[in-house]
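Protein chains: 2
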Amino acid sequence: MHFHGSVLCAALLAVLPVHPLPAQSMRLASPDGRNVITVALDGGQLTYAVSHRDRAVLLPSSLGFAFRGAPRLQRGLRLLDSARAERDTSWRQPWGEVRTVRDAHGELRVRVGERNGLRREFVVIFRAFNDGVAFRYELPCQPNLGAFAISEELSEFVFADNPKTWWIPANRPAMDRYEFLYASSPLSMLDSVRTPLTLEMQGGPVVVLHEAALVDYAAMDLARVGERTLRPALSPWADGVKVRGRTPFVTPWRTIQIAATATDLVPSVLGLNLNEPSRVADTRWIEPMKYNGIWWGMHAGMYTWPSGQKHGATTENAKRYIDFAAANGLRGTLVEGWNVGWNGDWIGSYGKGFSFTRAYPDYDLTAVARYAKERGVTLVMHNETAMGVGNYERQLDSAFALYKSLGVTSVKTGYVNDRTAEGHAHTGQYMVRHHRKVIETAAKYGLSVNAHEPIMDTGERRTWPNMLSREGARGGEYNAGGPDGGNPPEHETILFFTRLLAGPMDYTPGVFDLRLKGSSGAERRPDQPRVRTTLAKQLALYVVLYSPVQMLADVVESYTNQPALQFVRDVAVDWEQTRVLNGRIGDYVTVAREAANGDWFIGAITDEEARAFDVPLDFLPAGARYTAEVYADGPGAHWLNNPQPVTISSGFVQAGTVLRIAMAPGGGQAIRLRKER
Amino acid sequence: MHFHGSVLCAALLAVLPVHPLPAQSMRLASPDGRNVITVALDGGQLTYAVSHRDRAVLLPSSLGFAFRGAPRLQRGLRLLDSARAERDTSWRQPWGEVRTVRDAHGELRVRVGERNGLRREFVVIFRAFNDGVAFRYELPCQPNLGAFAISEELSEFVFADNPKTWWIPANRPAMDRYEFLYASSPLSMLDSVRTPLTLEMQGGPVVVLHEAALVDYAAMDLARVGERTLRPALSPWADGVKVRGRTPFVTPWRTIQIAATATDLVPSVLGLNLNEPSRVADTRWIEPMKYNGIWWGMHAGMYTWPSGQKHGATTENAKRYIDFAAANGLRGTLVEGWNVGWNGDWIGSYGKGFSFTRAYPDYDLTAVARYAKERGVTLVMHNETAMGVGNYERQLDSAFALYKSLGVTSVKTGYVNDRTAEGHAHTGQYMVRHHRKVIETAAKYGLSVNAHEPIMDTGERRTWPNMLSREGARGGEYNAGGPDGGNPPEHETILFFTRLLAGPMDYTPGVFDLRLKGSSGAERRPDQPRVRTTLAKQLALYVVLYSPVQMLADVVESYTNQPALQFVRDVAVDWEQTRVLNGRIGDYVTVAREAANGDWFIGAITDEEARAFDVPLDFLPAGARYTAEVYADGPGAHWLNNPQPVTISSGFVQAGTVLRIAMAPGGGQAIRLRKER
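As given, the protein sequences belong to chains A and B, one line each in that order. Under full-length UniProt numbering, think of the first position of the first sequence as 1, with each following residue one higher. Under full-length UniProt numbering, think of the first position of the second sequence as 1, with each following residue one higher.
Here chain A stands alone, though its shape is the one from the complex (with noise of 0.2 Å):
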């Protein structure tokens, strides 16, 4: 991060000619103009300003820092000197929701000083696209700069509307985590919520406020310090202090999505273009991939991850599931349980007896290893910390050195508690450090990493391919436990436009026994935990709910004998490209996305209610023939107490078709177009 920092020092400084005497109020637009940023200097603060499409967005917003031991650094601004530059350029994503990336923008940097005490300069760099804007702060090496503690960022979202918003709280004593399901209000009524936060505003546009290169800082919430104006509020070290540094320094992005409807959110890479190239030379290594695993039946009651008579990681069971990943082309079989630590408890304990080397007796890790390896199976490795990152971190060359001896290319991490032992916040500064050491630590083991419990994604994956997914919300876990009832049939329908935004997650969907009979054999009650979909629902959810990794999810005895099970064979994890046909935040979405041997895949989903849409294939291109494969909710289907049925059926299409996609209450449609060649 040190080295980092003084690169963009050093450019810093070429990049700067100093103007002798600059403007005190300048414009920044995007390649097409729609979205332009003013900055100014009012009163001694800077600000900035946001419109899309001549509308304000965002009114004079100030910018700054309050540091523990040092004065606010906000008022008493001039202007130093600024420079504009343009760029318009292509990436190609190793794998993603999109394959090919442009980024054009516009770039201003405005560097200001205080003009008296202890003259202090900082910069901000502003950035302008045409699907959003966004800033953030360098600090360069200065003399009365040097290390410093960030109490406080200033950063100031002055809305010029009320809009309405989709959000999930922060900082909840008992759960700093991002497990909750979402509540909708106008801004003036929020208190302090999670990012990505989305805001429709009246008559529009939608606008979705995030972060972008979280590398070496405090993850940004947001707190309502006005009627209409937001603040970040950033996760905290045990001691209070929000971040720790020293110049020269570079803070995260703080990034401004704004599209004129919901749907054109998606594909949402405004984040990734804030983020540095790989560091990773050649990415042939990392795998996108369908998994299965030893998982569910925990949450369902059938096993349990600690050792005893229903231990679900034990050798036998693992062979079991590596037999059904052989037999429906998955590449990777997750088990969790595996290792010594589960017994007792391990949460109050932050971990601490966690192996992440030494299974559990009855689990022979090599031969299960060994077992997958030879039906072109591999294991997905299971850490769940607790939190306990010392441990964590004190194992990770000797735990990642034998996953990479078994042939294993990916780990699962958990960090299942509120804080660390030492009491940092779970999304604070030091966790940010963490993460990013677990990442280039796999990195160098040729290991891929699917965090749960993470810290939310800031287009980490540009930057380190093998970040590939992780979870950040409440998933489909919560359909089998937790005292509030499952997830309602809305919640996947706001997470496609809140949550998802932030890059790929690990929802697992694939349960077909949606009942959860499981072993009892009993249904559970609608007001108990079950999953709240009907099947083609949770087909349709691999489309909708874009992840490298995708779960199936249910234990393997719930999917024998289901035809429906052939589109989560089919379905792919990595795309061409993404198009959302239609979508309501929080009602309904449908979503097509090709896959890179040219057949395309559409997802439909909605909520409680009952849809019907006709949707033109015009996306398809002019001359190809397609065979459909429709997998759509049976006759009578509905969430609550008929979610099984599926109709199965298929028929030629072509650009220009026009197809009826037509739902059952909480259901959804999953479509294959098999390309004919």
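In short, the hints are calculated from the structure, not lab data. Be a bit skeptical, because a hint or two may be false.
[As the list claims (entries may be wrong)] A short, non-exhaustive set of chain A residues, derived as facing chain B with CB atoms under 10 Å:
#1 Leu190
#2 Arg228
#3 Phe652
Glycine included, C-beta positions come from ideal geometry on N, C-alpha and C.
Take the given structure of chain A and dock chain B to it, following the hints.
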């Protein structure tokens, strides 16, 4: 109240024969069997559960009280005796949204007592109606429970699912009132909220929690005490006590309205049936009315409440508003800022300077009242108290006597402050008693009451029909001021299914200058507070948001050359019956109401989305013919940038005619069906 209490106590002793071996679980069903309450003693606690059409709505929820200075009354209980009753009667409203109300219910009275210790007793009365269930506590006269101080009411509402709720926050320190925009979230995300609370269970039914007959108790908010469990949160006295009383004592009813769909919630009469019959023998002096007033001019910045250059309440100005009222058939004219006390910090001083009899020098109250009377108009006297309750109560008799002598028939009260000077909560028992005193005193002087910043309606109007209407939500005034941009287009579509279920609301519709050009002539920007509806929607609100007093809120200048004013002249404020033709909470609603003369009025409103519906007029009596006078959104109408266009048309309709109702974004439609005679 004490007299009232004793009566119930006497009744209690009379109706409860002692059963030697009472059942430990009792079942009470609504007349149609749809709603069932199951009462049980479970481990020494009294619990109740509620089901609707055999689907669990509330799981067993316990009952009881915590006292200051005495042990909890909740555990170690045994059943003493029980009694049942069934009633099926009807009663007529002197005015209302429906003329005749049927009260058909089953009743179960359960008396329990502590096995040991103080051996205190209490009674719970359960009632099951076809439109919901309710319960209340009685604390009978007994040796070990005389004077008491309730610190918590321990009633639980344990939901059998995690419903979607529409809520406003309770006990915000900055604003202990009801004037918030609505948020929506699953029940599991609530903190502390106001009632009525509307909860849509996944897969139905829709449930509304509220209270009825709030006579001498603290108003009930709801706090979440478990993932899906709510409990009353009572507003306190200054010393923290929630409720003070002495046996015999009776609490308000806790009402649980239950309907298959949201549109079945209206008309909502459950609470009315749980209030006592009218104490006013001859109600002919009580006047539902349309009124205008010197009011919006202050909110829009043209006038001031205090005296001075821009003082709104001048004799001349009042006469202009009276002339307009007379010319347009309005019965009332409100004049705010007429009385001394507005100059200076009237909020900070809790209105101690307010006189309710002395007018400002530039306002000749006697002359204005006479001028009004000569034109068939009555003044609506305004009494803003700033929560200076003592000051107001000391002047009540002299003020109301004065108003009566001036031929005035109604007062509009105001309570702009978060608590009383003594620190009692805005909605606590102290204020409940005050509001009762005002209603009863007003009745004595032949005055009706329209309370702003009130306590929520709990059905007072049945017992005191001079309690005409109140605010108790974020009303139209917020479209003129406040930093959060006015009420969003969806606001009224939520109010209809939440706040309005409690009773009439003085929302003050009828703003015709939607961009608030006002005197300056300068339109406000969309991000500034202004009315976020089309003009047609303003008309529709007179039908959708029921109140027996409806204001023409705008300044008189805004009504000149406005053909649409005819609808407001025509629309009724008292109804024979009410039908909800369609609707979805937060999206849209269409309501039809029949006036006393056989005319029907239809109001339809939508949120920010344009919508069109085919509405069959199957509620019209066969054979009758009507002229439909339609006020629809005009070409290109849009709440954001083109709110004014209205198209007025007419045609013949009858039973079976299907009306096409098309609405613009943020729009609506208002229709008068004039019966041919």
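Do the hints match the structure? See the list:
{"no.": "1", "hint": "Leu190", "verdict": "holds, 9 Å"}
{"no.": "2", "hint": "Arg228", "verdict": "holds, 6 Å"}
{"no.": "3", "hint": "Phe652", "verdict": "violated, 35 Å"}
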